[in-house]
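J.: The residues making up each chain are set out below.
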Amino acid sequence: MRETTGAKSFRIATIAILSIFTIVPIWVMVISGLKPLKDVQGAFSWWPKTLTIQPYIDMWQTVPLGNYFVNSVIVSSVATVLSLIIAIFASYAISRYNFRGRSVFSTTVLSTQMLPGVLFLLPLFLIFVNINTNFGVQLVGTRTGLIITYLTFSLPFSIWMLAGYFDGIPRELDEAAKVDGCGPMRALITVILPTARPGLVAVAIYSFMTSWGEVLFASVMTTDANRTLAVGLQLYSTQTNVYWNQIMAASVVVSIPIVIGFLLLQKNFVAGLTAGAVK
Amino acid sequence: MSATTTTRKSGAADKAARGGKRKTRKAGWWLPYALLAPAVVFELVIHVIPMATGIWMSFLKLTKMYISNWGNAPVTGLKNYQIALDFNSAIGAGLLKSFLITAAFTILVVGISWGLGMAAAVALQKSFFGRGFFRTLFLIPYALPMYAGVIAWKFMLQKDNGAINHFFFDNLGLPGARPFWLIGDNAFWAVVIVAIWRLWPFAFLMLMAGLQSIPNDVYEASAVDGAKPLRQWSSITLPMLRPVNMVLLLVMFLWTFNDFNTPFVLFGGSQPPAGDLISFHIYNASFLTWNFGSGAAMSVLLLLFLLIVSGIYLLFMNRRKDRA
Amino acid sequence: MKIRTFAAAAAIAALAVTATGCSGGTTNSGSTGGSGTTLTYWASNQGTSLENDKEVLTPELKKFQDETGIKVNLEVIGWNDLQTRIQTAVTSGQAPDVLNIGNTWAASLQSTGAFMPFDSAAFTAIGGKDKFVKTAMDTGGVPGQDPTSVPLYGLAYGLYYNKAMFKDAGLTPPTTWEEMVTDAKKLTTGSVHGMTLAAGSYTENSHFAFINAAQNGAEFFDASGKPTFTSDGVVNGIARYLDLMQTDKVVDPGNAQYDNGTKAINDFANGKAAMVLSQNNANSSIASQGMKDNQFGVVAFPAPAGGKDIATMVAGINMSIFKNTKNKDAALKFVKFMTSKDTQNTLDKSFAALPVLAGVTPTFTTDSALAKTFEDIYANKSKPLPLVSAEDQFESTVGKAMNQMFATVASGGTVSKADIKAALTTAQQAVEAAG
Chain Z
1 MRETTGAKSF
11 RIATIAILSI
21 FTIVPIWVMV
31 ISGLKPLKDV
41 QGAFSWWPKT
51 LTIQPYIDMW
61 QTVPLGNYFV
71 NSVIVSSVAT
81 VLSLIIAIFA
91 SYAISRYNFR
101 GRSVFSTTVL
111 STQMLPGVLF
121 LLPLFLIFVN
131 INTNFGVQLV
141 GTRTGLIITY
151 LTFSLPFSIW
161 MLAGYFDGIP
171 RELDEAAKVD
181 GCGPMRALIT
191 VILPTARPGL
201 VAVAIYSFMT
211 SWGEVLFASV
221 MTTDANRTLA
231 VGLQLYSTQT
241 NVYWNQIMAA
251 SVVVSIPIVI
261 GFLLLQKNFV
271 AGLTAGAVK
Chain G
280 MSATTTTRKS
290 GAADKAARGG
300 KRKTRKAGWW
310 LPYALLAPAV
320 VFELVIHVIP
330 MATGIWMSFL
340 KLTKMYISNW
350 GNAPVTGLKN
360 YQIALDFNSA
370 IGAGLLKSFL
380 ITAAFTILVV
390 GISWGLGMAA
400 AVALQKSFFG
410 RGFFRTLFLI
420 PYALPMYAGV
430 IAWKFMLQKD
440 NGAINHFFFD
450 NLGLPGARPF
460 WLIGDNAFWA
470 VVIVAIWRLW
480 PFAFLMLMAG
490 LQSIPNDVYE
500 ASAVDGAKPL
510 RQWSSITLPM
520 LRPVNMVLLL
530 VMFLWTFNDF
540 NTPFVLFGGS
550 QPPAGDLISF
560 HIYNASFLTW
570 NFGSGAAMSV
580 LLLLFLLIVS
590 GIYLLFMNRR
600 KDRA
Chain C
604 MKIRTFAAAA
614 AIAALAVTAT
624 GCSGGTTNSG
634 STGGSGTTLT
644 YWASNQGTSL
654 ENDKEVLTPE
664 LKKFQDETGI
674 KVNLEVIGWN
684 DLQTRIQTAV
694 TSGQAPDVLN
704 IGNTWAASLQ
714 STGAFMPFDS
724 AAFTAIGGKD
734 KFVKTAMDTG
744 GVPGQDPTSV
754 PLYGLAYGLY
764 YNKAMFKDAG
774 LTPPTTWEEM
784 VTDAKKLTTG
794 SVHGMTLAAG
804 SYTENSHFAF
814 INAAQNGAEF
824 FDASGKPTFT
834 SDGVVNGIAR
844 YLDLMQTDKV
854 VDPGNAQYDN
864 GTKAINDFAN
874 GKAAMVLSQN
884 NANSSIASQG
894 MKDNQFGVVA
904 FPAPAGGKDI
914 ATMVAGINMS
924 IFKNTKNKDA
934 ALKFVKFMTS
944 KDTQNTLDKS
954 FAALPVLAGV
964 TPTFTTDSAL
974 AKTFEDIYAN
984 KSKPLPLVSA
994 EDQFESTVGK
1004 AMNQMFATVA
1014 SGGTVSKADI
1024 KAALTTAQQA
1034 VEAAG
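Chains as they are written, first to last, in the numbering used here: chain Z, 1 to 279; chain G, 280 to 603; chain C, 604 to 1038.
If you're looking for bench data, these hints aren't it; they were derived computationally from the structure. Be aware that one or more of the hints could be misleading.
Simulated restraints, written as ranges between beta carbons of each label pair [to be verified]: (1) G:W512 with Z:V30: 51 to 59 Å; (2) Z:L263 with G:R510: 30 to 38 Å; (3) Z:F21 with G:D496: 40 to 48 Å; (4) Z:F21 with G:F448: 15 to 23 Å; (5) C:P720 with Z:G136: 15 to 23 Å; (6) C:S891 with G:G590: 29 to 37 Å; (7) C:K975 with G:F448: 40 to 48 Å; (8) Z:G42 with G:G505: 13 to 21 Å.
Note that CB positions come from ideal geometry on N, CA and C, so glycine has one too.
Isolated chain Z (complex conformation) (with noise of 0.2 Å):
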């Protein structure tokens, strides 16, 4: 099929501009984390007058990065594994049940998208807090209390997208199998998850990102023990110095990670969104 001109003088232009707004600030990141502290204090420059990558070295010193990072791997790991389990149990039901109440876990699941972070802020710490003097179980300061709200967090889309493509596969595949001898919890494991995997590496996608960027709880949350990079990324700002350079090239380094892992499953992404959230 040809191209018109018109469509094709769209496309470039289309593509052109978002690649400029897309990348300016990729770039102004990138180039600033190679600067010596007093270049960035100073007049900007689209390329460093002096090339370093001394910020590299001095970040993991100002702030204890390297801990953090491994905070925010674990929580983010364990959250995003979790909430998959949680959201394949409770899709699984809403997909293949008809039960009293199905409606009302649904709507108010989806609801609490419309809750502002603020209005339970407080509270979730004063439950955390309760929880702990009652039954022993410290979660504020620990990565425990992290995991259990950021799981929390992204259960609500997950669920609606896994049920979204739960649904979108044929019941005969697991009514075949429970013909075959499967119990519903055999027939979910065994054909459904198989089939729905491009859904569940979307639904992963979703969570881990959720988790690694959240940064209102993680501020009331977190300690020294368990403070997570959303949050440790703002200590470079300290009361002598603000480190440009550093906070910069720390921001490259929290980044690289994720957003490899997303480029590299963005079919999967893709693939699961449309057959499930987008059908």
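Model the placement of chains G and C on the given structure of chain Z, informed by the hints.
T.: Leaving out everything else, chains G and C in the frame of chain Z:
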């Protein structure tokens, strides 16, 4: 939304199948509840109970005199709401202004992000050399941890040493004084641009996924009929993307209206009035002045507003769908 | 079959929770009594980075443990987080045993009732109230009540000036506001400005609103604790400070987005401005920018002719003990240790703080003239910020209003005294409504 409509169908199938398999169904009646149990527990602990607590807080005089001992906090009934809604007082006027700014912010950010996402999705619909590269590139702002992207913008938007002013005044040589971006009235545009930068790739992603589910032969058929690209877009693409758009716009609306992170990272502790988005406004109202009762009341008002808007939206969309 | 699979999955989930359940730190643990006790201590960020603070404090804490057998778990908290962390601690009761607060918050935090009042027994335990400089002790809380905090580090504002620039222009350091403005005008040439201010920082702005108003003899709160933001003395004081940018034009409008003091200090150290108003812990920042100690001098921030000679509010860091601590005795021992002469000498040096103990020689600088200047400012030309529970609201409402006024001026608008009064009226309403 799509999940609910399809499940309704499968629910009907369930009922149809009931007669023959009565025994197994009865034995496993608890299974869906067991499957839901973990999700319910977490939702209760993290979302529902804290929300209920928050609503309860909104009826208390919860200032710093009482904060360390909630039991003694006097119940003030609707007083916190009265103060928040008294638009002649400093607090009410501040809240109203913040609400209006947020409304304008949301309309601009959602509208433009959707437009950019749609343009990019259409531009990358047909395969050409380098398509994969651009698709990857466009997704980076979405994949980037939010604070990293916003901090880079904050750095760029400085008046004297920022890249934006450097480009316009040093590279392009525009005359006149360098404007501020992070304080004064321009702060509004700054936060709008940064929010769009973060959000549009999501629109792009969803719309791209939606476009992939439109079969190619629909376009070919209409091209044979002599339809121009613009007409194809309005007569095929747009209607086919309706279910996607319905959800996409709602989700983007809710996220943008509740956006806390962008102003929080962009402006830090001292937000300019022009960039005073409502979540951030409420956060300051509660944490900066220690008036958690009043902050909770404002949050509840915000929640009510979002519930009403979403409810009307869904009702309206579903009715149109039924009619169509 | 189906139950087993489900149980297995649930077990995996449970296992994952417990596997991570033991990670992370705990706070507020330990038993009562001396030896074997563990205290949790939240320190504010005083050094060049959180890590730097830890390096400075750890040897001291070790010394304390050797002396008393009490272990101290240290957490250094950045200023961005400190207030929120204190709030959640107060709200929930899950708190450290001992913590640092900005001394300007003392009265506000006292009103929460979450902190232990230092009664005479407590003062005896830490070595007596009289060991502290009176100026510093005055910030401990609302007058007439047992204070809930004791001074730890003293800080004061001074007017830093660039010696070479003053010499080249044939100027001597100013002794009155008018001289300061005249000098600043002379020194403003090309890209160099006479002064630089952290005009986008609401805390700095509220401090200078207070100092300038105090020079006019005005108060932000009356004796009964009611806000009086709109009196003429306050309006004129703010106008005077604002005019440094608006009419005197000795401050770069770009300063309106300096949201913390360090940016102004950088400008000063890099020769972009001849004078800067800063607290005495600026020396290390200045040095880190390559300006040597002998290249700058400090005088008291001058009052206008005929005004009250107030050059600073009593700035600094105080120490508080949480009321519900299980280790009160150990906490008191720790406060005593931290406010002892030896510890103070070491820490004042590292953090460039003024002594809060009476009769102690400052160690924050080797320059005795500089030390004398700051000691004089701190002891004789200072006034504590309002010691009322609404102090924090004063800082945020007035400070933010000033941010906005500076922003208006910087982007080419004008701010009249009527505008200032209107902004202060709004701020006052907000404080009244919250009270």
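J.: Measuring from beta carbon to beta carbon, are W512 of chain G and V30 of chain Z in 51 to 59 Å?
T.: violated (36 Å)
J.: Has the hinted range 29 to 37 Å been met by the Cβ atoms of S891 of chain C and G590 of chain G?
T.: Since S891 of chain C and G590 of chain G have Cβ atoms about 56 Å apart, the given range 29 to 37 Å is violated.
J.: Tell me if the beta carbons of F21 of chain Z and F448 of chain G are separated by a distance inside 15 to 23 Å.
T.: holds (20 Å)
J.: Against the range 15 to 23 Å, how does the distance between the Cβ atoms of P720 of chain C and G136 of chain Z compare: consistent or not?
T.: The hinted range 15 to 23 Å is violated for P720 of chain C and G136 of chain Z, with Cβ atoms some 31 Å apart.
J.: State, for the Cβ atoms of F21 of chain Z and D496 of chain G, whether the hinted interval 40 to 48 Å holds or is violated.
T.: At roughly 34 Å between Cβ atoms, D496 of chain G and F21 of chain Z fall outside 40 to 48 Å, so the hint is violated.
J.: Has the hinted range 30 to 38 Å been met by the Cβ atoms of L263 of chain Z and R510 of chain G?
T.: About 35 Å separates the Cβ atoms of L263 of chain Z and R510 of chain G, which means 30 to 38 Å holds.
J.: Cβ-Cβ distance between K975 of chain C and F448 of chain G: within 40 to 48 Å?
T.: Holds, since K975 of chain C and F448 of chain G (Cβ atoms, about 46 Å apart) stay within the stated range.
J.: Does the beta carbon distance between G42 of chain Z and G505 of chain G stay inside 13 to 21 Å, or does it fall outside?
T.: violated (60 Å)
In summary, the numbered hints that this structure violates are 1, 3, 5, 6 and 8.
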